[in-house]
Each structure stands twice: as structure tokens, then as C-alpha cells.
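Whole structure, please, built from the sequences with the hints as guidance.
Chain order of the listed sequences is A and B.
Just so you know, the first sequence maps onto residues 1 to 217 in my numbering.
Just so you know, the second sequence maps onto residues 1001 to 1513 in my numbering.
Since the hints were made in silico from the structure, they are not lab data.
A virtual CB, placed ideally from N, CA and C, is assigned to each residue, including glycine.
Careful: at least some of the hints might be erroneous.
Partner residues are not named here, just some residues of chain B that face chain A (Cβ under 8 Å, in silico) [what the hints assert, rightly or not]:
1) V1212
2) L1218
3) M1255
4) A1260
Dumping the calculated BS3-like pairs for lysine-lysine here, alpha-carbon to alpha-carbon at most 25 Å [to be verified]:
5) K53/A to K1270/B
6) K1230/B to K88/A
7) K1270/B to K34/A
8) K88/A to K1109/B
Under 10 Å between C-beta atoms, here's a sample of chain A residues computed to sit facing chain B [unchecked claim]:
9) T9
10) G32
11) K34
12) L38
13) I39
14) I43
15) I44
16) R73
17) F82
18) E84
19) D87
20) V146
21) Y196
22) D201
23) A202
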Amino acid sequence: MTKLLTIDTTSGTSVAIHIDGHLAAAVHHDSGVKHAELIGNAIIDVLEQARLKPAELTCVAVGRGPGLFTGLRVGIAAAIWFAEGIDKPLFGVISLDAIALQLLTEEPTHAPLLVHTDARRGEVYYAIYQGLDRKRMPVRLSDPSVGKFDDVLESAAELHNGFVAKTGGATAEWVGKLADLQLSSQVASEDASALYLRAPDAAEPKPNQMFGKRVSS
Amino acid sequence: MTYKPNDFGIRPALEADLDEIMRIEELCFGEEAYSRDMVQNALTTVGCKYFVIELTVTASAPEIVGYAGIAHFTGHAQADVHTISVDPKYRKLGLGRRLMKKLLETAAKEGATDIFLEVRFDNVAAQNLYLDLGFKHIDTRKGYYQPGNIDAWVMRLELDPVAPALEPLVLGIESSCDETGVGIVRGNTLLANVISSSMQLHARFGGVVPEVAARAHLEALQPTLQQALKEANVRLSEIDAIAVTNGPGLAGALMVGVGAAKALAVAIDKPIYAVNHLVGHVGVDVLERGELETPTIALLVSGGHTSLLLVNDLLNDVQLLGETIDDAAGEAFDKVARLLGLKYPGGPEIDRAAATGNPKAIRFPRGLSLPKDMEKHRYDFSFSGLKTAVARWVEVKQDDDEEFSVADVAASFREAVVDVLVTKAVNACLDHNVKHLLLGGGVIANARLREVAIERCAKNGIELRIPAFNLCTDNGAMIAALGAQLIMDGREPSELSFGADSTLPVTQVQTLK
Chain A
1 MTKLLTIDTT SGTSVAIHID GHLAAAVHHD SGVKHAELIG NAIIDVLEQA RLKPAELTCV
61 AVGRGPGLFT GLRVGIAAAI WFAEGIDKPL FGVISLDAIA LQLLTEEPTH APLLVHTDAR
121 RGEVYYAIYQ GLDRKRMPVR LSDPSVGKFD DVLESAAELH NGFVAKTGGA TAEWVGKLAD
181 LQLSSQVASE DASALYLRAP DAAEPKPNQM FGKRVSS
Chain B
1001 MTYKPNDFGI RPALEADLDE IMRIEELCFG EEAYSRDMVQ NALTTVGCKY FVIELTVTAS
1061 APEIVGYAGI AHFTGHAQAD VHTISVDPKY RKLGLGRRLM KKLLETAAKE GATDIFLEVR
1121 FDNVAAQNLY LDLGFKHIDT RKGYYQPGNI DAWVMRLELD PVAPALEPLV LGIESSCDET
1181 GVGIVRGNTL LANVISSSMQ LHARFGGVVP EVAARAHLEA LQPTLQQALK EANVRLSEID
1241 AIAVTNGPGL AGALMVGVGA AKALAVAIDK PIYAVNHLVG HVGVDVLERG ELETPTIALL
1301 VSGGHTSLLL VNDLLNDVQL LGETIDDAAG EAFDKVARLL GLKYPGGPEI DRAAATGNPK
1361 AIRFPRGLSL PKDMEKHRYD FSFSGLKTAV ARWVEVKQDD DEEFSVADVA ASFREAVVDV
1421 LVTKAVNACL DHNVKHLLLG GGVIANARLR EVAIERCAKN GIELRIPAFN LCTDNGAMIA
1481 ALGAQLIMDG REPSELSFGA DSTLPVTQVQ TLK
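Take a look at the structure:
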């Protein structure tokens, strides 16, 4: 019996429990702030809803992003130490894939689907999908990336005729559902590293102008 | 008025507390009360260990609301509970239990193996507390309490020196800046101290980049935890509590530790304590000496902090005397190192360059040390002006195409920093008549700082404490140790709703929610 606890903090603070692929409990705080404050009680709440003790869980999954860094890290950090705490395996899920799964399940389409989420600074995180496979998992055509929305639409139009663009927000419910599908197909990944897609926002200092001349030492 | 457990703190009783103690003694025991002479005698006798519990959250001075004491002579197996009493106004707050636990912990630490007490045969509430703590009713003494001719129960507890209730096994995590630290302690005993530093990743930026630090924390979480457990040779199921730094520090970095710590606490169903990073630096001394000598002045110097604290009591009374008004001392080292074409981190590089230099070659300014500054900023620091002064000095030399010695500049700059740090710390000791100075933070590794501190403390009759370097720099062991102190003092754990607070004041030792 699979008893999976899933955490996703790419947008809100979201925790869910799936038992054998069926949603048993879910808590979703939509706000994009206060992840660190909310995460502990959110885990307690789903455990209570599902009437499970932590030790009864069989595995843990986490949304790896992409998403806003600070919040994203809280969920991954929590998932890593939660899995250590119950001594069970941890699996990573690309959060965009979970959004695609939700969109393609709720409104099936054969057209290529561009899934995008807000990446701030006028940019979006995105990936392109083509329906669901036989295991009901989304088929991703491109690696998750980040770019200006207009540029993304333009290049998608060139490559994927008749594509549809949709946005969404990852929830632990759908991240967990995808993790469960991946587990039963034995394609689940133990890579739970954060999918940042951007280098840290820091500039290397310029060579020192003021002291360009040689000095003795 | 409702009180919270953390409104009260325990400290050793002083002779000056006699009046207040007698008030409580008479309030609680009436005609059976000990006489003033007896209590005074107990407070001053070697072999008697007395404590008071105070209401510290008051508008005026703290108010003593209970007291307790044991007799135990070094080398003896037996300890006796002399007395324990709490002002009736403050009953049912668990204060009696806290005092009792303090007595048990003290007796165990002193090497006693058995502790005895007498209690009125009809005082069921007290008996229940003692039974709950593990005491057994072993005898009844007829007519023990006079003049009422009332019987007493004699109760005994066998002390286990490493009983988990007395010496909690605490795992601490620290992630406030560029070091991921996971430490494990049992009471005041260090079991593991694993530190993963992202310092090298910041080198090309010339300073700590918050986003780079936060990313490194996330990656270090699993290996540091596993290594700490291995080093301490304990399993997570044995851990009694989790402690975590929730500030001050870099918000994004702190949140990694907070998120991980909360999830672990839920996973193993153990309490969590959110503690103050700076107070952690001070409390670390318990790991090397078993206790913190108070009052003490603490000088904490790192890349993120330059703070001078007056610590009257680690858990109840930590005051910020002063701090830097611009750059931290560590930052100043980094910036000047860069000016001189030296590498990051600047501290060790400047130390190396200064080794052959003359510290008196150039008289660089001592920040906030002029009489006019000392009025308002007696214990504050400023290093930004010093950095500019170094820059100007070098600029002038270069404009004149004059050769100069980098070693002399480095030595003179370092001397200015060290001079100000130590002068203000020693002033704080002398002004407050405090005989101890504790150093903490990464900059304490600086050879010249240690040298000058040792010299001037010796000259002024101040005892100097410099913890081992891996306890000075940011680490998880100090956070675990502070958590253990809170537990041994009977504090409630934090609720799971607390957040990271990048500007957490030093007066807030624990964040409850």
C-alpha cells in the first residue's frame, strides 16, 4: 500500500496525502508568502485529516519547481528532512508537469499545450506538452525554461502549430498524483533538487579601478 | 492576569534575596516556617544549593515567586531537598515542577546518586508531583512537623546522571548566513558539530551572496544531518527535541533551516525550539565549561554581526549594549582585502599580509571613539569610515606614484579594527563591573584580535573566554546547546507557526510562535 505525503511550495504552501493514488487529505494555502510559517502545521493537518502517524507513510514527494526561490526552498527543505525523519524515500516532481497533468486531465486536448507560470521580472517559467501517455502522464516536449512571455509565445508558434497556452498553479494534490503515477510506472526520480532555471542574482565585482597600479608587497 | 511559562526564570539564590525568600517561606509555611537565621545560613553554606524562580516580565524589578534548595556535600551519594515553595498566587503554573527539576539536575550534576525529601502526609498535590518525577514513598515519620505534630512521608529518587528528562538529547540547525550547521548535544555535552560552509562559492563575489548561501543550505541539509547523527552515534528516534535558528540573519537562508527543522520535528513527533542566533553564540560556552559564568560581556564579531552584549542570565537577561551602525567587522576585512588586491575571505588574507607589517606605520581612525561619539555610541561600532580612510590613503600614494608597503597598510588597518573592538569590550566590562569577557563569531579566528584581547583582559583583571574555533564560528551545536538550556529550565517548546525573523532582537532568546 502506498501512503505518500507530498509537499509543494512553488506558489502557495501545499501538502497532501495520497493512499494508493487516491487523495486522502490536502491543505492548500494559496498565498505566495509565509511558507516557513505555514509548512509545519500544514503537514500536521494532513496527517490528522488522513488519520495517519508520520511513521505509517511509505514515501515522500516534493515539487521541485520552477518557482520563486525562497518559497520553493522551504518545501524542498521540509521534504528532505521529513523523509529523513521517517526514514522513507523522497521523490522529486517537476511542478510544471503536475500543472500540465491537472490541465490535461480536466480539459483534455490534442493540441500542444504551453504551460506557463509567473517568474516575475516580466518573465514566465514554461514547458510544452503533448497530451497524456497511456499511463495518463503528461508528455513533455521541451525542458522547463524561463523567458519573456512574448518571446516564448513567438518561438512556440514557430515550433508547435496550433498550440494552446495555459497558466496554472501547482498543488500538492496534483504533484502527488503525478508522483504516484511515476512510482507505479517505476519512472519516479529521486532527484529532489530545486529547479531554479536562473543563476543567482549577483554580479561579480569589477576589477579594482582605484588600485590598478602596482604596489609593492 | 494570566502568565506564560516563559514569564518566569530560575537563577541561583543570593543572600540579597533573603527578604523576599522569607516572605514566601512565611506565606507558605506559617508557623512551621524556617527561621530567618536558618534560611540565611542555608544561602551562604557551601553544600547548600538554593534557587529562586522569578517573574521576569514586570514593569519594575523581577519579583521572586518561589524558591527551593538542596543540601549536597561533594563526594556524598546522598542529596536532600531542604525546601521548595511557591507563592500561592503563582500556583498551578508548573513552577514547583520546574524548581524541582532544577534541584534534580543540580544534584545529578554534583554526582549525587540518591535524593531524599520529606513532605506532609496530607499534601497530596506535592506528593503527586514528586511521584510523577519518579520519587517513591519509602517511610513515614510520625510527628515530624512541629508544633502541629504532623506526620511526614519520606520519599526517595535514584538519580540517573544521564536520564533523558534531565539531560535532553537535542539536535540543532543553524542556517542564518553562509554556514549550514547541524549539531547534537546531550544537556551540556557536545556530541556532534558538523559544519558545511559555502564560503568558497562567495569568493568571486567578494562577499556573501544571500541567494548563493540559501541554495547551498538546501544542498547541505541531507549530508550534514546524516553526518551529525553518525558522529554522535545516535538515531533520530532517540532525539528529544529540535532547536533551530530563526534569526537574526539572512531571511532566505534562515527559512531553509526553519522549514527543514519543523518538518523533522513533525516527522519524529518531538518538540521544537526556535532560538536566537546571537544568544546561541553566547550559550556555546556551556559545552566547554558546563555552565556560563554570568554576568559576562560578549563580543560577537563576524561577517554579519558586530555586537556587544551584557549577559546577566543566558535565558532571562541578555542586553544589547551596542552594535555596528554600518559594516560588520568581517565585512570591513573583506572590503579592505579587495582594495589591497587580496583574496576573499579578507580576514585570514589580511592576517597573512599583516604578519610582516608595522601596525603603527599608519594611524587609521578608530570609529566612534572620539569623545563626542562616545556619548551617544559608547558601545557601538563603525567600520565604513575606516575602510574609506584606507582607500584614500592608498589613493594618495598612488597619485603621487609613491611605493608603499601592503604589509604596513594591512597591519595598520587590522590594528585599528582590533583596537576598537577590544577597547569597547573592555570598557563594557569595566563600566558594568563584569569580570568575564566571552568572544564569538568567525572574526575571532583573527590572530591579532585574540592577542590584544588576551593582553588587555589580563591587564584589567578580566577573565577571557574564547571557545574553540568550530564553536566560535556559526554552528548547529550552539543552537542545540541553547535549546537544551531552555528545556532544562522547563521552558515550553515553540509553536509550529513561528517564522524566520532577519532582525530578531537579542532580547528575544526564544520565539514561541
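Results for each hint:
1. V1212: 5 Å, holds
2. L1218: L1218/B check passes; min Cβ-Cβ to chain A is 5 Å, inside 8 Å.
3. M1255: Holds. Min distance 4 Å.
4. A1260: Since chain A brings a Cβ to about 4 Å from A1260/B, closer than 8 Å, the hint holds.
5. K53/A to K1270/B: Holds, because 13 Å separates the two Cα atoms, which is no more than 25 Å.
6. K1230/B to K88/A: Within the cut-off at roughly 18 Å; holds.
7. K1270/B to K34/A: 22 Å, holds
8. K88/A to K1109/B: 38 Å, violated
9. T9: At about 8 Å, which falls below the 10 Å cut-off, the nearest Cβ of chain B leaves the hint on T9/A intact, so it holds.
10. G32: 13 Å, violated
11. K34: 7 Å, holds
12. L38: Because about 8 Å separates L38/A from the closest Cβ in chain B, which is inside the 10 Å limit, the hint holds.
13. I39: Holds, about 5 Å.
14. I43: 5 Å, holds
15. I44: 6 Å, holds
16. R73: 5 Å, holds
17. F82: Nearest chain B Cβ about 4 Å off; hint holds.
18. E84: E84/A check passes; min Cβ-Cβ to chain B is 6 Å, inside 10 Å.
19. D87: Result: holds, 8 Å to nearest chain B Cβ.
20. V146: Where the cut-off is 10 Å and the nearest Cβ of chain B is about 15 Å from V146/A, the hint is violated.
21. Y196: Where the cut-off is 10 Å and the nearest Cβ of chain B is about 7 Å from Y196/A, the hint holds.
22. D201: Hint on D201/A: holds, closest Cβ of chain B at ~6 Å, below 10 Å.
23. A202: Holds: closest Cβ of chain B sits about 4 Å from A202/A, inside 10 Å.
The structure fails hints 8, 10 and 20 (numbered hints given earlier, in ascending order).
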